[in-house]
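J.: Protein chains in written order, with the working numbering: chain A, 1 to 332; chain B, 1 to 300.
It is worth saying that the hints were derived from the structure and are not from the lab. A couple of the hints might just be wrong.
Said to hold, decoys possible - With the Cβ distance kept under 7 Å, some of the chain A side facing chain B (calculated, not the full set):
#1 66
#2 122
#3 129
#4 132
#5 137
#6 293
#7 297
#8 300
Don't be surprised by glycine CBs; every beta carbon is placed ideally from N, CA and C.
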Amino acid sequence: MSTVTTVVIPARSPIRRLWYAAPVLAVLLVLPWVAEQYQTILLAYGLVMAIAAIGFNLLLGYTGLLSFGHSAYFGVGAYAVALMVKYLGVVSMELHLLGAIAASVLVTAIFGIACVRYTRIFFSILTMALSQVLWSLAFKFFWVTGGTDGLRVPTPTLLGVVTGKGDKTAFLVHQYYYYVLGVFLVCVAIMWVIVNSPFGRALQAIRDNETRAQFVGIPIWRYRWVAFMLSGVFTGVAGALWVPLNGLTTPDILHWTFSGKIVFMAVLGGFRTFVGPIVGAVVYNYLESYAVGYTVYWQLFLGVILVVLVLSLPTGIVGTAERLMARRRGPR
Amino acid sequence: MDIALIHVFNALLYASVLFLIAGGLSLIYGVMRIVNLAHGNLYAFGAYVSAWIIGYLSTSVAVGEAGSGAPTWVLLALLPAGALAAAAAGALLEPTLLRPFYKRAEEYQLLVTFGLLMIIDDVIRFLWGPYPLSASVVFENFGSVTVGDTLYPTYNFLVIGVGALAAVFLWAFIYRTRFGVVLRATSQDMRMSAALGVNVNRVYVQAFTLGCFMAGLGGAIIVPSQSAVLGMGVDALILSFIVVVIGGLGSLEGALLGALIVGVVREAGITWFPEVELAVLYLMAAAVLLVRPAGLFGRA
């Protein structure tokens, strides 16, 4: 395993990093007031997927486990919200998020026990098989889940006061967009703390050399299990946020090809970096939306991009950008 | 009793097709250590090519007698065209797209085959459009036989026969020919066989082509009884994953046993527990992975 190129994620001080983030944040904040409504909604989708992608990347980028089953946790979050609306009549977004977190903790805890004992291809296939169990249940138990028709979800109440009564688009573009942005920032902050904590360092040690990590005294399975749960919970939160945007949840988001999209996002942005999956998710979302609008052969377009990307730019957008910047600064 | 017999035939029917697809997937993994996510789409590609040729010839006026089309034996002889097309696609894809990835991490191999899956999906849509393509004329011309008091299509026996023959031929090919020896040697230790003078690149192309041929054959023989539809590849891929996980990735005996198990469980599931049929299959795969991660026949 020593031949694998392991890029140490540079630990510059978070304060300096914030300087880079400030202008981006400013753009994100003013966007609903200057851009078209469609653009804002697209970006909201992108931010939601970014939460899923950073969750996914805790496993791929930091723990070295490629999950092909993250659709399961995204779907669990989404269906938890839809079922809460259907059976309990809950409309509060905060309760939805709590419900999604509880549901995804439960599911990832069980799946995790099974999955973390394996690495490499077996881990990928096992996560995929388990996610397909949920997909087939959502698909077949139509009297609960609505089958392929899915479940409709009305606009929720935010913070107990803001409701989407009236113009739904305006609600999504303003109130809901800022809500997503807020949750997104909180998620990014939490993930930043996780990956820079001793726990996060231990995960990277496991990724780079499992045997050595074990010798140092890291309980590998338990750490992987916790990482698995954290990763799934972030993705579950993303699923819960996604439902009101989409207005509907269908079994498609549980299918393993949806997991493939999440993997695509992380690789597109660069899974060896912290911000890579965020950039990848937003860019992927734009690519897919425009490709779908432009041609029925959008899969072909995205497939070619993926193949070319993996062939020529395996470090993704952010990884390549960092390399170019480092080259410009010259050797230090 | 007759119903039981019908169930057995149906289970064997599923098992035959699944063995062809999953056997190819397993062969490719066994030799090259690549899990080809686009494998199901090569099966779909084979099905489409065969359905297209048969659909063209069975309705074409070029044959002369209006309304009759080519005789059944001609159609049957042309059925394997789908398998050859899939094999050709495989022979083209391996050196161009997969070869650069053998020395890189497994994640990249999965990703590039995932990209390939998306591409082949749309190539099929581009070539044959979004509508199902049927080759049912072959299926109908074969008629049916009576099993007890029920009618059972004769064509299904042909599919079962082809599956069984494929298993026998493959076994003979791998264990009784010189090429099989080279293949097994490369599978066990790629570096050592390269050092002993085996042209590993050539073996890889051959193994990949053979695997794709099997997938294409699976598609070609099933397409007369079911139409070729978009999305059939992804469904087949997942089922053959279950097969290889149960049997053991890289083992052909395992693929055979796995296909039989999955065939029986599917038939039982469709009859007795249709709601959870798929879930039971996935859970079986997960359970086998937990107890024996390398599968029933796999090498760790």
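J.: Kindly indicate which numbered hints from before are broken by the structure, ordering the numbers from low to high.
T.: When the structure is compared with the hints, only number 6 turns out to be violated.
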